[in-house]
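Novice: Sequences and hints are given; from them, build the entire structure.
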Amino acid sequence: MLVITDLDDTLCNTWEAGKKTLLRTLLFLIRRRKFRAIAYFLLKKYRRFESSEEVHLMDLDELVETVFRDVYPDASDDEIREVVSFVERAFFEHLRLFPDALPFLSGLKKLGAKIVLVTDSSTEWQRKKLEVLGVSNYFDGVIISGETGHSKLEDYNFKLALQKFPSSEVYVVGDRDETDMRGGRAIGATTILVRRGYFKSRKVRFADYVVNNLLEALEVIKREYKKRVEA
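Sequential numbering of the sequence shown, starting at 1, is according to the working numbering.
Don't read these hints as lab results, they were simulated from the structure.
Since the structure is predicted, the reported quantities are computational estimates derived from the model, not experimental observations.
Check each hint, because a few of them may be wrong.
EDC-like, lysine to aspartate or glutamate: derived pairs with alpha carbons at most 16 Å apart [stated by the list, open to error]:
1. Lys109 <-> Glu219
2. Lys222 <-> Glu169
3. Lys109 <-> Glu169
4. Lys128 <-> Glu93
5. Lys128 <-> Asp61
Specialist: Encoded structure:
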């Protein structure tokens, strides 16, 4: 059995940590009279980057610089470094595993599953999250878009996971339909969408199952596994 899982907003509270970081950043910007940046975030103009292949490969400092320069094209390097340092410190203060993450990963191990993390962003950014969260040892493989040069907007990383760990029983668990679920569908996996995080209200097209948390996802996998064993 192969289980491919996402990281952000599937195993950990990236969106919640991001919101708290954004609030602190807005206060930080107010103190520096950066009112255009405040309007930019309140109007959610950053959403135009959601489907950008390049952005999905970026490190945090690159992402912050891209967004900040979208508002202030002439910002100095010192200003950028100050904002990046503040955002990174605030984000990791708020980043947490969801309470169901460890029971989910432990439950998969008890089933004998190979677990592969497929995640977007840069190597440094994602591996620092894994280090802070303390979950690296649960994964048989880690595939990061910044290392492969392909984001989850493509199928490449899902196919790579299956190539590394061939199996006729494959599950993909994630929070985003147009990446995690579509990628899972492309490799013939059973796809399980966890309704939480930034994308929880988006339309579902590619998920075989929609659940509220990882414990429900684990139960789906157990049921499917039992059916295959008894067949």
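Novice: The structure should be examined with respect to each hint, and the outcome stated for every one.
Specialist: Each hint, compared with the structure:
no.: 1; hint: Lys109 <-> Glu219; result: 14 Å, holds
no.: 2; hint: Lys222 <-> Glu169; result: 12 Å, holds
no.: 3; hint: Lys109 <-> Glu169; result: 15 Å, holds
no.: 4; hint: Lys128 <-> Glu93; result: 13 Å, holds
no.: 5; hint: Lys128 <-> Asp61; result: 13 Å, holds
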